[in-house]
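In the order they appear, the protein sequences are chains A and B. Numbering follows full-length UniProt numbering, in which position 23 of the first sequence is assigned residue number 23; successive positions increment by one, without gaps. Numbering follows full-length UniProt numbering, in which position 210 of the second sequence is assigned residue number 210; successive positions increment by one, without gaps.
If you're looking for bench data, these hints aren't it; they were derived computationally from the structure. Predicted model only: the values in this text are computed from it and were never measured. There may be inaccurate statements among the hints.
[Said to hold, decoys possible] Straight-line alpha carbon distances no greater than 30 Å define the calculated BS3-like cross-link-like pairs of lysine-lysine that follow:
hint : chain 1 : residue 1 : chain 2 : residue 2
1    : A       : K205      : B       : K112
2    : B       : K215      : B       : K173
3    : A       : K366      : A       : K405
4    : B       : K116      : A       : K262
5    : A       : K205      : B       : K116
6    : B       : K151      : A       : K205
7    : A       : K215      : A       : K205
8    : A       : K262      : B       : K242
9    : B       : K86       : B       : K112
[What the hints assert, rightly or not] Looking from chain B toward chain A, a few residues come up when the C-beta cut is under 7 Å (computed):
hint : residue
10   : P29
11   : P32
12   : G41
13   : E49
14   : G154
15   : R155
16   : V158
The beta-carbon is built from N, C-alpha and C at its ideal position, and this holds for glycine as well.
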Amino acid sequence: MTEPLVRPKRKNPLKKTRVPLLPQGVRSRTALGLTEAAAEGRFRLQVCADCAAVIYPPRDACPRCLSARLPFRDVDNRGTLLAETTIRTSTDVYFRERMPWRIGTVQLDAGPSIVAHLHGDLREGERTRLALKLDKSGQAIAMALPAEDTPNMADDPQWRELTCDPKFRRVLITDGRTAVGQALAEACSKAGASVVFVGIADPWKPFPGEEKLRKLERVEIVALDLTDTISVNECAGEYAPRVDILINTAEYVRTGGIIERKGLTVAREELEVRYFGLTRLAQSFGPVLRARGADGVNSAAAFVNLLSVYALANWPAYGAFSATEAACLSAAQSLRAELRPGGVKVLNVFFGPLETEWYQAVPPPKVAPSALANATVRALQQGLEDVFVGDIAEDIRARLAVSPKALERELGS
Amino acid sequence: MASSNLATFAGAIAQGDIAVVDLTHTLTPEFPTIVMPPELGQCAPFRMEEVSRYDERGGAWYWNNISMGEHTGTHFDAPVHWISGKDLPHNSVDTIPPGDFIAPAVVIDISKQSAKNSDYELTVADIEAWEKQHGRIPSRNWVLLRTDWSKRSGREYVNMQEDGQHTPGPCPKAVRFLVEERDVHGLGTETIGTDAGQAFHFNPPYPAHYYMHGKGRYGLQCLTNLDLLPPTGAVILAAPLKIRRGSGSPLRVLALVPRSAA
Chain A
1 MTEPLVRPKR KNPLKKTRVP LLPQGVRSRT ALGLTEAAAE GRFRLQVCAD
51 CAAVIYPPRD ACPRCLSARL PFRDVDNRGT LLAETTIRTS TDVYFRERMP
101 WRIGTVQLDA GPSIVAHLHG DLREGERTRL ALKLDKSGQA IAMALPAEDT
151 PNMADDPQWR ELTCDPKFRR VLITDGRTAV GQALAEACSK AGASVVFVGI
201 ADPWKPFPGE EKLRKLERVE IVALDLTDTI SVNECAGEYA PRVDILINTA
251 EYVRTGGIIE RKGLTVAREE LEVRYFGLTR LAQSFGPVLR ARGADGVNSA
301 AAFVNLLSVY ALANWPAYGA FSATEAACLS AAQSLRAELR PGGVKVLNVF
351 FGPLETEWYQ AVPPPKVAPS ALANATVRAL QQGLEDVFVG DIAEDIRARL
401 AVSPKALERE LGS
Chain B
1 MASSNLATFA GAIAQGDIAV VDLTHTLTPE FPTIVMPPEL GQCAPFRMEE
51 VSRYDERGGA WYWNNISMGE HTGTHFDAPV HWISGKDLPH NSVDTIPPGD
101 FIAPAVVIDI SKQSAKNSDY ELTVADIEAW EKQHGRIPSR NWVLLRTDWS
151 KRSGREYVNM QEDGQHTPGP CPKAVRFLVE ERDVHGLGTE TIGTDAGQAF
201 HFNPPYPAHY YMHGKGRYGL QCLTNLDLLP PTGAVILAAP LKIRRGSGSP
251 LRVLALVPRS AA
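Bound conformation, chain A alone (with noise of 0.2 Å):
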């Protein structure tokens, strides 16, 4: 049984902050196939096309047929770990401060064997779930678990360093003014976050939800406006060294295509709330969480995009929001390139329509801003890049995948 994680004491001023470190981070650009994998939390194999040998590691050619057709494909992932070891000692700086570190070779019942991680509750001869799993240089590893869950199985060391468990994190809601925001406020505090910060912009305008927000445990209120530079850099001033997940929930919806917008003032304030509002963000508390990614229990773990799908491909009955969206997207791939040095992930949240007032005309399906949440949650505490929540997204996920030309003209029609 893995020992529960312990409420990690308040920091020594004294000591030192070490310096985020990163295990080896090269792969070939076939292997990147399985990193895709990891970063949504599937766990996929290349399957040659003409003999369906499963095959790892990832290679250009069929080591059976010698053929070139190699697509990734969903696998079964349960095997049995033949052989485990303990390394003591290491000239790599990553593990060396890391050590003892388990790992062993899993023969998979799909074929192939694979040298993995292992979860401390795992014992050579048993049966195990492999799992692929990002690590602080943002790369594959495969992870040997448990074949049945077992008591704090989330707390082994070995796998939170894989993970952005909230669990005795301090996290940073950044509007507590939207349903999902207050909805991620209670998730996070229900996942065991230490203080969940929920900022607040206009303090003296009332907003739905407000009583049940101030009563939430853990939760506080602070003041932030992510359209005001000076507001979110005098907040990460004062909060920025205590949050180790930031979770942007800023938005910004309205209906119709750039023709639609009479003028600049709804666009701007669109760009404002979320493209700006992004970019302050990462600005002020950018650095702090970067340096921030190996500072023990509660380290520096995850900045988290909320983002409609329709970032991935216009939609032009909300074609500006789209249109910003998209922006949104591009700049959290930049973010996340410049996290990566401190170890910190960059979680980008796909939903569709939303269950909340301003996507009232659409019809169902729609995400509930619980649903929502509590996919946010799962996703930190899995140690995912990339999610997709709900039916639509979903959707246009797949139908992007096999033509996006098609997919633009059926958006638009």
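With the hints as your guide, set chain B onto chain A.
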């Protein structure tokens, strides 16, 4: 006026015989703006972006880019702001005769009534009672409505309830009286609008805007320090930015007050 009078005037300010009272709130990002239903266009709040601060963005100098709406913070309303004043000559901030930016003011104090009732409406009777004490309001005077609202802040200041904002202002008859019977220069208030918070439900809606601007008169809002002014005798300097076809502008509003009266 002889030039010697101007010199005397300048001397009186230098000597402190004429006090200069600042009626302006500091422009800050936090200062509330008027709130419209969220699907309508909104007045932009004040924002400031540092261009450089003696750093790599510009060696030896500090400066900012600022943005805001025409009706943000302590600001001036031109007649063109309202539909009733849209066709008047010289109705925008760039064409108003500059002489209009300097005018005397009377201060009507309804702070006690407003303290008890956030929706207090200034009535003709209130104006007549004031005139009994201080004399008839001379023509082309600013009427400044003292409510002490500027002493409030945050939620208390905006006082937004489920049915909208609740702040004091003039009733329609009082505005007509001031414009038609007293030929006033304009109306100045401490609240976010020259009208009462609930004036959308008046007939006509927003009477201070409707009647004042309909007759080419002006508005000043989000004023402060009105409690430092005498009921009569102050002179107001209120020159908006010269924005082409501008409907208003944030500005510095100063009151000149003879020391004996202050």
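Failing hints, ascending?
The structure breaks hints 4 and 9; every other hint is satisfied.
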